[in-house]
Amino acid sequence: MNTELHVKLGDWSSLQTDAQAIRYKVFVVEQKIPAELEWDVKDAECLHAVAYDSQQQALGTGRLLPDGHIGRMAVLESARGQGVGVAILQALMQQARLRGDAEVKLNAQVSAENFYGRNGFVRDGDVFEEAGIPHLHMHHQFP
1 MNTELHVKLG
11 DWSSLQTDAQ
21 AIRYKVFVVE
31 QKIPAELEWD
41 VKDAECLHAV
51 AYDSQQQALG
61 TGRLLPDGHI
71 GRMAVLESAR
81 GQGVGVAILQ
91 ALMQQARLRG
101 DAEVKLNAQV
111 SAENFYGRNG
121 FVRDGDVFEE
131 AGIPHLHMHH
141 QFP
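Take the sequence shown: its position 121, counting from 1, is numbered 121 in full-length UniProt numbering, and each next residue is one higher.
It should be emphasised that the hints constitute simulated quantities derived from the structure, not laboratory data.
We put the CB at the ideal spot given by N, CA and C, even for glycine.
Don't take every hint at face value.
[Unchecked claim] Cβ pair distances, simulated, as ranges:
{"id": "1", "residue 1": "V122", "residue 2": "Q94", "range": "13 to 23 Å"}
{"id": "2", "residue 1": "G132", "residue 2": "K42", "range": "31 to 41 Å"}
{"id": "3", "residue 1": "H69", "residue 2": "E36", "range": "15 to 25 Å"}
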């Protein structure tokens with residue numbers, strides 16, 4: 001993992017600029033998800049995380065919903081494989097645990113199943129389609 005990474009947590013108003021730019025590049029441009037499907041009213045109620053490098057460049061983002069779902073996990077292509085996603089995921093999981101959640105859940109793109117599995121998530125059920133991309137329900141129960 002890149003030791004120069006730091007994850008900032010906050011609400012949408014404080015992290016929107018960086019989180020939105022990353023999500024636009026990853027989901028709308030790279031994965032061709034229609035912009036109208038990417039932006040929702042849930043952003044206002046979520047805890048957001050953005051990972052930054054030592055130069056304060058935003059590299060990745062994710063969000064934690066009040067119901068314990070982690071979503072909108074996105075890492076810029078140039079930063080993948082450097083521990084950015086793990087840092088964001090761990091930060092959001094820690095916050096869920098601190099607020100008393102018994103577990104966290106997420107809808108993982110099938111291509112990310114191994115990533116989440118390595119981080120303690122277990123698959124729930126069959127593959128389904130979301131925004132034209134195959135997904136899986138996954139969860140992680142805290143000990």
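Hints versus structure:
Taking the beta carbon of each, V122 and Q94 are about 19 Å apart, inside 13 to 23 Å as hinted. Distance hint check for G132 and K42: the Cβ-Cβ separation is about 20 Å, which falls outside the suggested range of 31 to 41 Å. Between H69 and E36 the beta carbons are some 20 Å apart, a value that agrees with the proposed interval 15 to 25 Å.
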